[in-house]
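K.L.:
Between the sequences and the hints, there should be enough to build the whole structure, so can you do that?
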Amino acid sequence: MTTTTVEQAVRESTPGAAPPGTPRRRAGRLRRIGLPYLLLLPALVLELLVHLVPMAVGIVMSFKQLTQFHIRDWGAAPWSGLDNYSVSVDFDAPVGEALLHSFLVTVAFTLLSVGLCWLIGTAAAICLQDSFRGRGLLRALFLVPYALPVYTAVITWVFMFQHDNGLVNHVLHDQLGLTDKPSFWLIGDNSFFALLTVSVWKGWPFAFLIVMAGLQNIPRELYEAAALDGAGTWQQIRRITLPSLRPVNQVLVLVLFLWTFNDFNTPYVLFGKAAPQAADLISVHIYQASFVTWNFGTGSAMSVLLLLFLLVVTGGYLAVTSRGRRTADA
Amino acid sequence: MRRLRAALTGAVTLSLALTATACGGGSATGEGSNDSPKTLTYWASNQGASIEIDKKVLQPELDKFEKRTGIKVELEVVPWSDLLNRILTATTSGQGPDVLNIGNTWSASLQSTGALLPWDEKNFAKIGGKDRFVDSALGSTGVAGQDPAAVPLYSMAYALYYNKKILADAGISRPPATWDELVADGKKIRKLGKQVLGAEGANVAENIHHVFVFAKQHGAEFFTPDGKPDFTNDGVVKAIEQYVGLMAEDKVIPAGNAEYAQNQSVSDFAKGRTAMLLWQSASANLTSQGMSEDAYGIAPVPVQSGTPGGGTQVNSMVAGINLAVFKNTDNLDGATEFVKFMTSEEEQRILNKAYSSIPPVKAAQSDPAFNTPANTVLKDTLARSAAALPQVPDESQFETAVGTAVKELFADAAAGRPVTAESVKAKLEKAQQQMPAK
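Protein chains in written order, with the working numbering: chain A, 1 to 330; chain B, 1001 to 1438.
Some clues are possibly wrong.
[Unchecked claim] Rough simulated footprint, nothing fancy, chain B against chain A, three-plus residues with beta-carbon under 8 angstroms: (1) 59-69; (2) 92-103; (3) 124-134; (4) 157-165; (5) 288-295.
[Unchecked claim] In silico lysine-lysine, DSSO-like type, Cα no more than 27 angstroms apart, as pairs: (6) B:Lys1122 with B:Lys1430; (7) A:Lys273 with B:Lys1164; (8) B:Lys1194 with A:Lys181; (9) A:Lys181 with B:Lys1430; (10) B:Lys1228 with A:Lys273; (11) A:Lys181 with B:Lys1228.
No wet-lab data here; the hints were simulated from the structure.
All values derive from a computational prediction rather than experimental measurement.
C-beta atoms are modelled at their ideal positions from N, C-alpha and C, and glycine is treated no differently.
P.N.:
As structure tokens, then:
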């Protein structure tokens, strides 16, 4: 049915409708075309204010020599050309070397955290797919870490990771005897694993929630048919569940990646302003460059570089996954 | 449709107005005025055991000020962890309080932003003159040779807090006066199964305070006379090696303290787990944690040799809080009047008693409350053997860079890795390279 036919049908079914070509008809058409844009306008305005303007300001700042001497009137700070960028990517000098180290730590942390969150969340959702007594309670319990305020949750982990009185050392060393002596979790090399543990604990319930929603859309008949054909549980998961979850997982992995890569709250609450080198995530590193050492220009340049990296990765990911989807659709 | 159009026009106008504000390129350069003479906003730093306690201490005094002047003071107590960021944000936006507390070591850094009212002769005259204040406290109000950026409010100094019973049980008759004595006493204390000396190894600011004193005792400075960082000179390296060596080599500071950053060492001391603690004005904190004042003594911080607390030996940094006025306040006269009120003899006595600090106003120090044995140690230290942290614009960055290096060295020590002059120097070289280029 063409647009003209639809309009004609609507006109004919509307009592007192104006004949074609009249000003009233033109106004109606304008209203229909303009309304979606009008409804989108508040969101566009807010997007402009909340994201685009600060982003533009940040890009301008990255080309300025902005320290405490000009923070009160940052517009008057002297231009520094590409100096902030060259300092940030000079990996033989301390600032660039530290940024590269932080970037590599963040990449490793993100890959492990996202992978584990997805794995645990998916496994838990599949386990809870079939109804059984207590399933509702388990679902609610699994979502507790996601529902807790971040600060409260992470500060509790800080207490648990304490060297002398923490629960983690009490269990690992005192009760299970898995370590020779109590370990340090909030300083030194182990801090990476402490951070990863908290991140996965906090993040997997989101994966569980999304995968659980995705599982609702898989017709039960597929499993029944597969069972009749002799497919076991693992084969059903491999041949039915995972392929059916593919569109859900594409979004889930992207969202988890972006959240984890940019996570600021977890490392900041866990370690404070000066994170141990092994757990020096890039978000806190840039915060430190900007707000602790007061090199706002260099911090802005680092933020822009991070933004570019995330845009490239996200764009590449979307291109690859949508190509895969188009191939599957064809 | 008409309503929709009106809403749309409003939204667009609002967005343009806000965008124009955001793009102003830093419009926070307005100077003070008296446009709002009946109100003031005051950001107080968290001095007491909690924010609620601070409000209970301060609110009656602010009510008193309102009764006398008719000016209402809106109080906000800001936690230490947020204070510097809040000040920076206020500086950028120009939307700050009228009067605020700053850590006195930040004075020079904040002075360089140009956001604080300079306390020239004319402004000091309005609050009774510069001579009313103790010299050491005035030394931490901004770069030497410039008008101070703030006025001293509370003064503090580091002292050695010691548990009388633990020392007696170990057969130690008096608190250690030198580091050698402390290490020797430590061996006796450890035999009792007690920890010797508490420290906050992961607290960047605490680290700086201590290594600054050690550096002074080695005759070293972190900055050259013209303000350039000089973190790797032999005296500084030796100082940091000695401080971290208290854990790495002497086993005086327990390894677990390497991850302390939330005043856990004070709790350990209050609970009788640790025999000694280097802290500033800890009395109120210890009392709130249930430790009786009779249970501990206070002595000057140990030195390398000679008589502690006297002569030329430095055994504390000048710690304290300053009171500053935001330059673009819209109640300049009221803000000055408020500073005069808070630094009056009467208020200095009330507030410094409440926070177990020492009044930086000379006249208020004569109050018997500040002449107890404990306060006498702090007062004498401030008067004779305390030194101000470097008053350079990069002080804030220096605290972070060197304090973080010491934190990493403590982590090495806790993990059993050796802390040598080479490893200290390597960390300090990295810290120095992270300082803004001159």
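K.L.:
Next, verify each hint and record whether it holds.
P.N.:
Okay, the hints, checked on the actual structure:
{"no.": "1", "hint": "59-69", "in the structure": "holds (count 3)"}
{"no.": "2", "hint": "92-103", "in the structure": "holds (count 4)"}
{"no.": "3", "hint": "124-134", "in the structure": "violated (count 0)"}
{"no.": "4", "hint": "157-165", "in the structure": "holds (count 3)"}
{"no.": "5", "hint": "288-295", "in the structure": "holds (count 6)"}
{"no.": "6", "hint": "B:Lys1122 with B:Lys1430", "in the structure": "violated, 44 angstroms"}
{"no.": "7", "hint": "A:Lys273 with B:Lys1164", "in the structure": "violated, 36 angstroms"}
{"no.": "8", "hint": "B:Lys1194 with A:Lys181", "in the structure": "holds, 19 angstroms"}
{"no.": "9", "hint": "A:Lys181 with B:Lys1430", "in the structure": "violated, 31 angstroms"}
{"no.": "10", "hint": "B:Lys1228 with A:Lys273", "in the structure": "holds, 24 angstroms"}
{"no.": "11", "hint": "A:Lys181 with B:Lys1228", "in the structure": "violated, 44 angstroms"}
Consistency note: the structure conflicts with the earlier hints numbered 3, 6, 7, 9 and 11.
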